[in-house]
Structure formats: C-alpha cells, structure tokens
Amino acid sequence: MGQDQDLSSGADRLLVEAAQRDPAYFADLYEQNFHRVYAYVSRRVHNRHHAEDLTAEVFREALSEIGKFEWRGVPFSAWLLRIASGAVADHWKRVGRESGNPVETEKTSFDEVERSAMVFQLVNRLPEAQFRVIHMRFVEQKSIREIAQALDRSEGAVKQLQLRALENLRDQMEGAHA
Amino acid sequence: MPDRALYDLLDQAIDALLGGADPGVSDVPAGVANTMFGSVLDPLVRIAGVLRGMPEEHFESRLKADLERRTSMPATETAATAVREGFRTVTPLIIVPDGARLVEFLKRTFGAEELTRTPVPGGFHAEVRIGDSMLAIQTGEALRYGERRGAFHIYVPDCDAAFGRALEGGATSVGAPADQHYGERSGWVKDFAGNNWYIATRLDNHYAPPGLGNLLLCVSPRKARVFIDFAKRAFGAEEVYLHENPEGRVVIAGVRIGNAVVEMSDAHDESLDLPSIFLLHVEDCDASYQRAIAAGATGLREPADQADGSRTAVVEDPFGYRWIPDSLTGKDSLRKNTAS
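Going down the list, the protein sequences come from chains U and V. Take 2 as the starting number for the first sequence in this note's numbering and just add one per residue. Take -15 as the starting number for the second sequence in this note's numbering and just add one per residue.
Calculated from the structure, these hints are not laboratory results. Computed from a predicted structure; not experimentally measured. One or more hints might be untrue.
What the hints assert, rightly or not - What the simulated footprint calls covered on chain V by chain U, stretch by stretch (three residues with Cβ under 8 Å from a Cβ of chain U suffice, anywhere in the stretch; the number is not a length):
id	region
1	36 to 46
2	105 to 111
What the hints assert, rightly or not - As a list, the in silico DSBU-like pairs of lysine-lysine whose alpha-carbon atoms are at most 35 Å apart:
id	chain 1	residue 1	chain 2	residue 2
3	V	Lys48	U	Lys94
4	U	Lys108	V	Lys48
5	V	Lys207	U	Lys143
6	U	Lys69	V	Lys48
For each residue, glycine too, the CB sits at the ideal point set by N, CA and C.
Taking the hints into account, I'd like the entire structure generated from these sequences.
Next up, the structure:
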C-alpha cells in the first residue's frame, strides 16, 4: 500500500510538473480531479448552478496559478481543495453581504467528498437508459410521469430503471470499498 | 409483487427527498423506513441524496473545453489590450442604405443597445452592443464602395422567441428553430438588408458557449482551410476548432483573432458568401497593414490618421472580405471610451 501511494504520488508530481512546463497537460489533472472538486463544492453550496460556477472558478484559478504550485509532498488535489475552500468561503461572504445576514458554512469531511465524487463518477458509467432516468429525475427534476412521457415508457418501467440504477451504484460503491 | 412495492417505496422516498427543504437530509422517510424494505432502501436513498447535487450532463466536458481554450490563449489575451473598451478585437461593420431600420431591427429582435450614433456625410456610423459583443452599422458615403453585409451566429436566451421577433421585424425564415445534434437549438433568418442570422440557444445551463462571446462572426470562403492559413499569417489567428465531413469538406471551424472568434465552413452555396467587412482593433495599424499585405491581401487604403484620433487602413483579403486595421494613436483618442 505504501508503495502504491509512492507510485501514485510520483505520477501526480510528474503530471503537475508537465502541466507547469506546458499547460496543455493540465487537462489530465482536470480529469483526475474534476469529480472531487465538484463534489467538495456541491456539498458546501447545495445549489447546482453555484456549484458549477465555483468549480469552473477553481479550475481556472488553478490553471493560471499552477506555475506557483510547489511540490512539498502534499497531493495536488489538496491544493485544489484549498482553492475550492477559498472560493466557497467567498461565495458565502457574498451571499451574507447581499442578504444582510452572516451565513454559517458547514464543514464536510474528506470521506463524504470522496464518496460523492465516486457516485458522480459511477453515474456516468450506468447503462444509457438508467443514466437518462437518473439525469432527468435528479438534474432536470422531472416527475416519474414526465420522464415516462418523454421516454415513451410506462411509469412502472421508469421506476424500475430508477431502482436498478441506484442498486447498480450501491453495488459498485460496495465493490470499490471491498 | 415485492419488486413493485420496492420501487414504489423508493420513489416515494426520492419524492420526499427532492421536495425536502433541507438539502442535507437524505434519510429514508419514517413511513418508508418502517416497512419491511427499510434497511434495503436506506443505502439507496443515501445515494439518491448525493445524486441531488450531481452536475449537469455536459458540464464536465464543457469546462474542459473552456480550460483547453485558455491554455492556447495567452498570446492573444495580450493582443486584446489594443481593443477599445467594450469591443472585441474583430468587430463586424455593416454598410447598408437603411441603417436606421437595421438598428431598430437589432434592438427589437436581440435587445441591442445603441451606444453611439455619429453623423457622417450622407448618413451615420452607429455602434450597438448585443450581449457581450459589438456591431457597427454605417450608412451614407461609405455606400460608394458597395454594401457590406454579414453572417452571424448569435446566442440568445430564447432562440424561438428571438426567431419570432426577427420575423415580425421583416426577416425571412431560412430554417425554423430545431434542436441540433451539436447541443443547441437554432433557427436561421435573413434580415431585410440581407444579413444572415443563425439564432441559437445552447441546450444546457448556459445559453451561450463559455469563452466565445454571444456573437460569432461567420464567413463562408470557398476553402476554409486556405482562409484559416491566411488569417494565421495576416492576423495571428489561432485555430480553435475544425470539423470535416468524411469527404474532407470543412463543416465548421473557428479561429480566434485576439479575443474574437470567427466561424466558418466551406461554402457549398455561393449565395452564403456575403461581402463582409471587419474592424480589426490592433496595437499598430501600420504593422498590421503590412502583415496583411505580406500574407496576400490587397491594400485599398494606406494607413492614415483620422480626425477621431485613430489610425486606420483598409485591405481586401483573397476571399473578398475587407478588413480595417484600426489603432488608437494616443491617450487623447476621442473614441477610446465611447463604448464604456
């Protein structure tokens, strides 16, 4: 396990140094960390549009500041989450100023962030019909009836797909932790 | 049937979850937890609680594309400093007899804001802002050199509504709004003056693509690849995207010149290739003029100081499009902040 961590840390470092020399390599860092950063932000702002805007802000800042990142053994993802933490804090300050009331921000644990990031990653690998139902239900906030009409299926079939999708995610999460 | 009972109960729990005021709660509702399926549903409902925050389907790829564009932008960001405040490096100029009607059409159809209207012999030169982009319209003596029209890919919040307003304003429908496979809903009109407008709304959270601006200039040269090569040499353009069909025809391509994007495809119909003219905001009009000539453009008017404090020239590229390199000659330029 220690060896795995060393390898992973070494690969991380090589990737960061490559991106510092040529920003085109930043795409790899982005792909490795997108779900983690998005999960962290979305758990703290509870609004999809704000979470997307702040996630974009975090990666844009990381891209423009990557030259200043110094390798001290701390994972690159920790540096990204520090930027994200600042962006979220600024967001809530703005909200507090606009509403006239200070807003208490809740903390979120690393495990919760990792768990959410894994769910977001796994949902993209669901069979198309299951993914479509999950996206319409949770992102587009459609009712079962609306989804059934849009997909030309019965309401029972849509509920079945919803159940299968969640069972699939549960099984894969359990498999990943085993 | 147990399976049916299970998916009904799960949906009942998800309904409660989605309707809940507190986004932190993702427990199985009591009415469901007390059933024989409570323990089975609990992990599923917890996952559903996480899914409430899942990103929109294309957000990850859209942000990636935006970051990739930024990694190839530093040089052009610098070039954009020569641009007048509120303008992009390339600003389209439309020269038509009834400029006043066109300005009204743009206001009513796209919510354009008229920022300046300066009298010129026989007419006026107006500058309007549409969203985050500028457009110049001229009438009067410039018509001696022929009308100049343009084609535009314009992103609006509601494609269908803008399309309807365009028709009410006298435009002709070329293609009714429809969902396109490349992620936008768009329709196409030709206005009364002959300009083409591809009116579009992205089918995601942002009606316009991030980083490109909401008004893309379009050209239809016979050979888009040759045009791109010319634009690179003449104006320092950078290719942002290019898609060909299996026969090798450029279906869509975009080049960035400073902070503006010019979109194009190989013209399959000569009537689509409009005689367009563009203002090119540059640091040094003379250097830009010479560079365009060296790349194959023809000089129509050599660089000269203008009364408003700018220095301009006119060139025509090998495809018949005209370009006006325009630099601010000093701090006292009369036009520097007219658009702010």
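Hint by hint, here is what the structure shows:
1. 36 to 46: That given contact holds, which follows from 8 residues of the region 36 to 46 of chain V lying within Cβ reach (below 8 Å) of chain U.
2. 105 to 111: violated (count 0)
3. V:Lys48 with U:Lys94: 28 Å, holds
4. U:Lys108 with V:Lys48: Distance ~28 Å between Lys108 (chain U) and Lys48 (chain V) Cα, so the pair holds.
5. V:Lys207 with U:Lys143: Since the Cα atoms of Lys207 (chain V) and Lys143 (chain U) sit roughly 46 Å apart, the hinted pair is violated (cutoff 35 Å).
6. U:Lys69 with V:Lys48: 21 Å, holds
Checked against the numbered hints above, the structure breaks hints 2, 5 and satisfies the rest.
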